[in-house]
Amino acid sequence: METGHMSYADGMEAVDSDIMGRVLSMLSEFDYNGFSGREVEQALHKERLTPFDFAAVLSPAAEPYLETLAHKALGNTRRYFGNSVSLFTPLYISNYCENECVYCGFNCSNKIHRGRLSMEEIAEELQTISATGLKEILILTGESRTASGTEYIGEAVKLAAGYFSTVGIEIYPLNSQEYAYLHECGADFVSVYQETYNTGKYEQVHLKGPKRVFPYRFNAQERALLGGMRGVGIGALLGLDDFRRDAYGAGLHAYFLQQKYPHAEIAFSVPRLRPYINSRTGNPNHVHERQLLQVMLAYRLFMPFAGITISTREKPKFRDNIIGLAATKISAGVSVGVGGHKQPGKGDGQFEISDSRSVAQVHEMIERRGLQPVYNDYIRV
Amino acid sequence: MNDTLVIAGHEFNSRFILGSGKFSLEIVKAVIEQGEAEILTLALRRANMGGEENILDYIPKGITLLPNTSGARTAEEALRIARLSRELGCGSFVKVEVIRDSRYLLPDNYETIRATELLAREGFTVLPYMYPDLNVARELQNAGAAAVMPLASPIGSNKGLVTKEFIKILIDEIDLPIIVDAGIGRPSQACEAMELGVAAVMCNTAVATAGNVALMARAFKQAIRAGRDAYLAGPGRVLEHSGEASSPLTGFLED
Numbered sequence: 001m002e003t004g005h006m007s008y009a010d011g012m013e014a015v016d017s018d019i020m021g022r023v024l025s026m027l028s029e030f031d032y033n034g035f036s037g038r039e040v041e042q043a044l045h046k047e048r049l050t051p052f053d054f055a056a057v058l059s060p061a062a063e064p065y066l067e068t069l070a071h072k073a074l075g076n077t078r079r080y081f082g083n084s085v086s087l088f089t090p091l092y093i094s095n096y097c098e099n100e101c102v103y104c105g106f107n108c109s110n111k112i113h114r115g116r117l118s119m120e121e122i123a124e125e126l127q128t129i130s131a132t133g134l135k136e137i138l139i140l141t142g143e144s145r146t147a148s149g150t151e152y153i154g155e156a157v158k159l160a161a162g163y164f165s166t167v168g169i170e171i172y173p174l175n176s177q178e179y180a181y182l183h184e185c186g187a188d189f190v191s192v193y194q195e196t197y198n199t200g201k202y203e204q205v206h207l208k209g210p211k212r213v214f215p216y217r218f219n220a221q222e223r224a225l226l227g228g229m230r231g232v233g234i235g236a237l238l239g240l241d242d243f244r245r246d247a248y249g250a251g252l253h254a255y256f257l258q259q260k261y262p263h264a265e266i267a268f269s270v271p272r273l274r275p276y277i278n279s280r281t282g283n284p285n286h287v288h289e290r291q292l293l294q295v296m297l298a299y300r301l302f303m304p305f306a307g308i309t310i311s312t313r314e315k316p317k318f319r320d321n322i323i324g325l326a327a328t329k330i331s332a333g334v335s336v337g338v339g340g341h342k343q344p345g346k347g348d349g350q351f352e353i354s355d356s357r358s359v360a361q362v363h364e365m366i367e368r369r370g371l372q373p374v375y376n377d378y379i380r381v
Numbered sequence: 382m383n384d385t386l387v388i389a390g391h392e393f394n395s396r397f398i399l400g401s402g403k404f405s406l407e408i409v410k411a412v413i414e415q416g417e418a419e420i421l422t423l424a425l426r427r428a429n430m431g432g433e434e435n436i437l438d439y440i441p442k443g444i445t446l447l448p449n450t451s452g453a454r455t456a457e458e459a460l461r462i463a464r465l466s467r468e469l470g471c472g473s474f475v476k477v478e479v480i481r482d483s484r485y486l487l488p489d490n491y492e493t494i495r496a497t498e499l500l501a502r503e504g505f506t507v508l509p510y511m512y513p514d515l516n517v518a519r520e521l522q523n524a525g526a527a528a529v530m531p532l533a534s535p536i537g538s539n540k541g542l543v544t545k546e547f548i549k550i551l552i553d554e555i556d557l558p559i560i561v562d563a564g565i566g567r568p569s570q571a572c573e574a575m576e577l578g579v580a581a582v583m584c585n586t587a588v589a590t591a592g593n594v595a596l597m598a599r600a601f602k603q604a605i606r607a608g609r610d611a612y613l614a615g616p617g618r619v620l621e622h623s624g625e626a627s628s629p630l631t632g633f634l635e636d
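Listed in order, the protein sequences are those of chains A and B. Taking my numbering, the leading residue of the first sequence gets 1, the next gets one more, and so forth. Taking my numbering, the leading residue of the second sequence gets 382, the next gets one more, and so forth.
Rather than coming from a laboratory, the hints here were simulated on the basis of the structure. Quantities reported herein were computed from a predicted structural model and do not represent experimental measurements. In this text, a Cβ means the ideal position worked out from N, Cα and C, and glycines have one as well. Certain hints may be false.
[What the hints assert, rightly or not] Stretch by stretch, here's where chain B covers chain A in the computed footprint (C-beta under 8 Å, at least three residues):
#1 252 to 266
#2 368 to 376
[As the list claims (entries may be wrong)] Heads up, simulated DSSO-like pairs for lysine-lysine below, C-alpha to C-alpha not over 30 Å straight-line:
#3 A:46 / A:72
#4 B:410 / A:46
#5 B:545 / A:46
#6 A:260 / B:540
#7 A:72 / B:602
#8 B:545 / A:72
#9 A:111 / A:201
#10 B:540 / A:72
Sequences and hints are given; from them, build the entire structure.
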């Protein structure tokens, strides 16, 4: 049975919120070709950017100002984060998935090697990761309530909380009570990526499974905060659709969430689908490093206090240069297979990584750049 | 002349309180030395006991730690962080920071009063970070605060004494050390605060974001001393608007 992508399915909690409506309505009026250098310069002179200014710095009109944007972003990052850069690693505990997302390696119709770690295996993985000195971990699963139910994830979170001071989860969207349960188990941060804020495109690329329901995914951060989580992560999969529009959507999503929940810690991730090398055709979906940088700088200027995480999908050179400038958190010692830290991975990865450096190597790089590696930046209260 | 800063019976020669967390731990010692700071604040959430990059491993002996409750959103959370701080051997000083706004990082005065009360009752020496409001400062004093730490301008903004008029009122009315915290961006601004009569200045971003962190710490030390001396000396006459009229307005009096 095909699900209508804008209506909730049975069992999906609907929270009282106008954020999605506001974001979608502002997106419908967003014309990035309508900006000129004048609006970009006005934004650059402001201490705090309005959504209009944010749109200007995301627009093609801001491209010639990339260096100026970078200088302003650097000032913001220094002011809010000093020279500190947080370290973490993801741990995939299961890659079973019930969704059919055309761009994803975990797509349920893909014939990949599936696996799920047992609690013993999870404990071994956690121990091995913890020995590298890391204090923050992100537990990930594919999106399958049957293969990786909330109780299974809850038990994994409890184990993780024994080794790490900060536990985040990147799993399928839940109801607020389920978030409250995982919070009680020891998780404090929740990341859910909307992939694209274009509802039409969203429908085209999410063919089957619960993920097809756009609003349930959109409101996941709110349900997580209502469930007691301390912080939420937001992001669009840049390159899936028109990246400027998706970056604008993600920025507004974060902006309205922060307004409604001023205590929440907000963080951005900036995953991208890589364009083919040399494909500089002006396709509005293509995100080269230059465009990725522009998006990250725009996030930093618009939400100067928000964390920005840089993924191992990016090359070491980009990662090394973006930390301290716009990004504030970097993964290290990454395996994207299921497990893979202690034992060889039990299942295939979601994507390929471009930076396989160990925690010690990333630590050394951070110091060499005059920055400060931070392992612990959170106390569970 | 013996001019010391006294907080709850503890005497300090330096009136420069240094923040940490925004510059590399390797230079903490040099920065403290150049700034001749005796009190160092630290976010307890950054402590990484027995682990990598634990700030507590980098602090020279003889420094009084002023751990803050950064991350707390309520009085109860501040209390839990403070207790943890004491267990970790960070002493009994605590800077109360209760913040429920991730955008501006402004302190929540109401929760701060409650936290001060809870912590003072447990025997902590409590220095609350606050938005400068006379009524709140009085409540903090009643709650057992050892000093109050009003913000000069939004944290990290380096804008200087934006709340000057309100801090002056606290200096006049509150019988506790007033320590300016947050927003001081330049040594000249620190000097100005000291001239007004605040007891000490706390600084983090302004030092941490300098090209030469240790040298900037030294500049702040000197500015704070100059301001303190000026305050003690009693400022000379400064004519704000115009000179005095040559024909006096009161010259008509005859008997």
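Okay, which hints does this one fail, numbers in order? Number 4 only.
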